[in-house]
Amino acid sequence: MYAREVDGETLTFAVSGLLWERSLVMIDEESDSLWSHLLGRCMRGEFEGHQLKRLPGEMTNWKKWLELHPKTTAAIMKRSSRTYRRDFYKAPDRYLIGCERGKLVRAWPFPDLVKHPVVNDRLGKETLLIVFDAENFTAAIYDRTVDGRELTFEQNGKTLIDRETARRWDPLTGKSLGEDHPTVQLKRLPGVVSYTKAWRRFFPKSTYWRAPNRATPKESD
Amino acid sequence: MRFRTIMVQRIDFRRAITTAVIVTIAGLVIVVIGLRNGVQAFQEARTGEAQSEPAKEAPPLSRENPPRPETFKPMRVLPRMKPITDVPIVSSADAAQSIDDDELVLGITINGKSRAYPLNMLNGPFREIFNDELGGKAIAATW
Numbered sequence: 001m002y003a004r005e006v007d008g009e010t011l012t013f014a015v016s017g018l019l020w021e022r023s024l025v026m027i028d029e030e031s032d033s034l035w036s037h038l039l040g041r042c043m044r045g046e047f048e049g050h051q052l053k054r055l056p057g058e059m060t061n062w063k064k065w066l067e068l069h070p071k072t073t074a075a076i077m078k079r080s081s082r083t084y085r086r087d088f089y090k091a092p093d094r095y096l097i098g099c100e101r102g103k104l105v106r107a108w109p110f111p112d113l114v115k116h117p118v119v120n121d122r123l124g125k126e127t128l129l130i131v132f133d134a135e136n137f138t139a140a141i142y143d144r145t146v147d148g149r150e151l152t153f154e155q156n157g158k159t160l161i162d163r164e165t166a167r168r169w170d171p172l173t174g175k176s177l178g179e180d181h182p183t184v185q186l187k188r189l190p191g192v193v194s195y196t197k198a199w200r201r202f203f204p205k206s207t208y209w210r211a212p213n214r215a216t217p218k219e220s221d
Numbered sequence: 001m002r003f004r005t006i007m008v009q010r011i012d013f014r015r016a017i018t019t020a021v022i023v024t025i026a027g028l029v030i031v032v033i034g035l036r037n038g039v040q041a042f043q044e045a046r047t048g049e050a051q052s053e054p055a056k057e058a059p060p061l062s063r064e065n066p067p068r069p070e071t072f073k074p075m076r077v078l079p080r081m082k083p084i085t086d087v088p089i090v091s092s093a094d095a096a097q098s099i100d101d102d103e104l105v106l107g108i109t110i111n112g113k114s115r116a117y118p119l120n121m122l123n124g125p126f127r128e129i130f131n132d133e134l135g136g137k138a139i140a141a142t143w
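For the record, the sequence lines run as chains A and B.
Count the first sequence with this note's numbering and you get residues 1 to 221, in order.
Count the second sequence with this note's numbering and you get residues 1 to 143, in order.
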């Protein structure tokens, strides 16, 4: 999901019919420049070197999306596939959620998030919170610094709780819960749900977060 | 003499039609095979799990060879498509008639406005990218 505005100009994107490294190449109607679909970067043409702004789109199922956003609209066309259903993720090791912040790139593989669904991470100077809803296979990335204060989140039943202010939070909307505090919204950061193999190819300098081994200490005899 | 001329013309006419039909069919077969291969290449590209090796001339991307304009060696597999700019947008109540609960959607919220793009409708080489507007912003819905 990208913003179509580049240097104050609104571009219109189409499928170029070209593939590069087994991935889609987009073309814009205004300048005929070629853009890598996964990188969002112009590889050839007038806009060469420009980076499209990634927007925090999220992948989830329709039921969950409608529950979170009852007033949503939807883009409806005739189906061109039937692949994308809940059982799409039956092999979670093929997927990850990745995030590019400046020159730093990191990915959180789905199998690790299944084991460890709340991750307090850091990428450069940015403080990140990655949450994963294994029931709906929905991942989200937030900035966990709120009003200049870095928060550390833990799972608390179906909600999150932060250690510093003891507020409860909804993991999928990023909103604080409870009557005794004004509602605060965590800033959502653009994450990309991607195929692991494609991510490895296009972001060869990406680092990968791994779930810590929950080695249960051996009980002494 | 006149009769023979007519015969010759007739034979030529038939031959011409036969040749034209054969050429057209062969052409169509080539186009269909080409498109099928192209579409297949696109679908394999989607998953990043194509069985075939990438083109030999370009070294594969790696830590030493990260994606840069000089390593950009695209291959044509399909003709250029027209952009999609006029996607029908419906309310959540109407959408619920067309989308199943367990279908995956790509969702986005901008300035308080939310929109869902069902992946089963935003898929395949002919509609991989929707040029849309939401909450006053021009967006490219694509995954």
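Just so you know, these hints were derived from the structure itself, not from any lab.
We put the beta carbon where it would ideally sit given N, CA and C, even for glycine.
There could be a bad hint or two in this list.
To be verified - Straight-line distance between alpha carbons at most 20 Å, and here's what the computed PhoX-like set of lysine-lysine pairs gives: (1) K137/B x K53/A; (2) K63/A x K158/A; (3) K53/A x K103/A; (4) K71/A x K158/A; (5) K82/B x K113/B; (6) K175/A x K113/B; (7) K82/B x K187/A; (8) K115/A x K175/A; (9) K125/A x K63/A; (10) K125/A x K103/A; (11) K82/B x K64/A; (12) K78/A x K113/B; (13) K175/A x K90/A; (14) K71/A x K82/B; (15) K103/A x K205/A; (16) K187/A x K205/A; (17) K64/A x K205/A; (18) K125/A x K205/A; (19) K53/A x K73/B; (20) K197/A x K53/A; (21) K137/B x K63/A; (22) K137/B x K175/A; (23) K175/A x K158/A; (24) K113/B x K71/A; (25) K115/A x K90/A; (26) K90/A x K63/A; (27) K103/A x K64/A; (28) K158/A x K64/A.
Claimed, not checked - Here are a few chain B residues that face chain A, going by a calculated C-beta distance under 8 Å: (29) F13; (30) R80; (31) D100; (32) R115; (33) M121; (34) P125.
Right, here's what the structure says about each hint:
{"no.": "1", "hint": "K137/B x K53/A", "in the structure": "holds (12 Å)"}
{"no.": "2", "hint": "K63/A x K158/A", "in the structure": "holds (17 Å)"}
{"no.": "3", "hint": "K53/A x K103/A", "in the structure": "holds (14 Å)"}
{"no.": "4", "hint": "K71/A x K158/A", "in the structure": "violated (23 Å)"}
{"no.": "5", "hint": "K82/B x K113/B", "in the structure": "violated (27 Å)"}
{"no.": "6", "hint": "K175/A x K113/B", "in the structure": "holds (16 Å)"}
{"no.": "7", "hint": "K82/B x K187/A", "in the structure": "violated (35 Å)"}
{"no.": "8", "hint": "K115/A x K175/A", "in the structure": "violated (24 Å)"}
{"no.": "9", "hint": "K125/A x K63/A", "in the structure": "violated (36 Å)"}
{"no.": "10", "hint": "K125/A x K103/A", "in the structure": "holds (12 Å)"}
{"no.": "11", "hint": "K82/B x K64/A", "in the structure": "violated (33 Å)"}
{"no.": "12", "hint": "K78/A x K113/B", "in the structure": "violated (23 Å)"}
{"no.": "13", "hint": "K175/A x K90/A", "in the structure": "violated (29 Å)"}
{"no.": "14", "hint": "K71/A x K82/B", "in the structure": "violated (31 Å)"}
{"no.": "15", "hint": "K103/A x K205/A", "in the structure": "holds (9 Å)"}
{"no.": "16", "hint": "K187/A x K205/A", "in the structure": "violated (26 Å)"}
{"no.": "17", "hint": "K64/A x K205/A", "in the structure": "violated (34 Å)"}
{"no.": "18", "hint": "K125/A x K205/A", "in the structure": "holds (18 Å)"}
{"no.": "19", "hint": "K53/A x K73/B", "in the structure": "violated (24 Å)"}
{"no.": "20", "hint": "K197/A x K53/A", "in the structure": "violated (23 Å)"}
{"no.": "21", "hint": "K137/B x K63/A", "in the structure": "violated (26 Å)"}
{"no.": "22", "hint": "K137/B x K175/A", "in the structure": "violated (23 Å)"}
{"no.": "23", "hint": "K175/A x K158/A", "in the structure": "holds (13 Å)"}
{"no.": "24", "hint": "K113/B x K71/A", "in the structure": "holds (8 Å)"}
{"no.": "25", "hint": "K115/A x K90/A", "in the structure": "holds (15 Å)"}
{"no.": "26", "hint": "K90/A x K63/A", "in the structure": "holds (19 Å)"}
{"no.": "27", "hint": "K103/A x K64/A", "in the structure": "violated (33 Å)"}
{"no.": "28", "hint": "K158/A x K64/A", "in the structure": "holds (14 Å)"}
{"no.": "29", "hint": "F13", "in the structure": "violated (39 Å)"}
{"no.": "30", "hint": "R80", "in the structure": "holds (5 Å)"}
{"no.": "31", "hint": "D100", "in the structure": "holds (7 Å)"}
{"no.": "32", "hint": "R115", "in the structure": "holds (5 Å)"}
{"no.": "33", "hint": "M121", "in the structure": "holds (4 Å)"}
{"no.": "34", "hint": "P125", "in the structure": "holds (6 Å)"}
Hints 4, 5, 7, 8, 9, 11, 12, 13, 14, 16, 17, 19, 20, 21, 22, 27 and 29, counting from the list given before, are not met by this structure.
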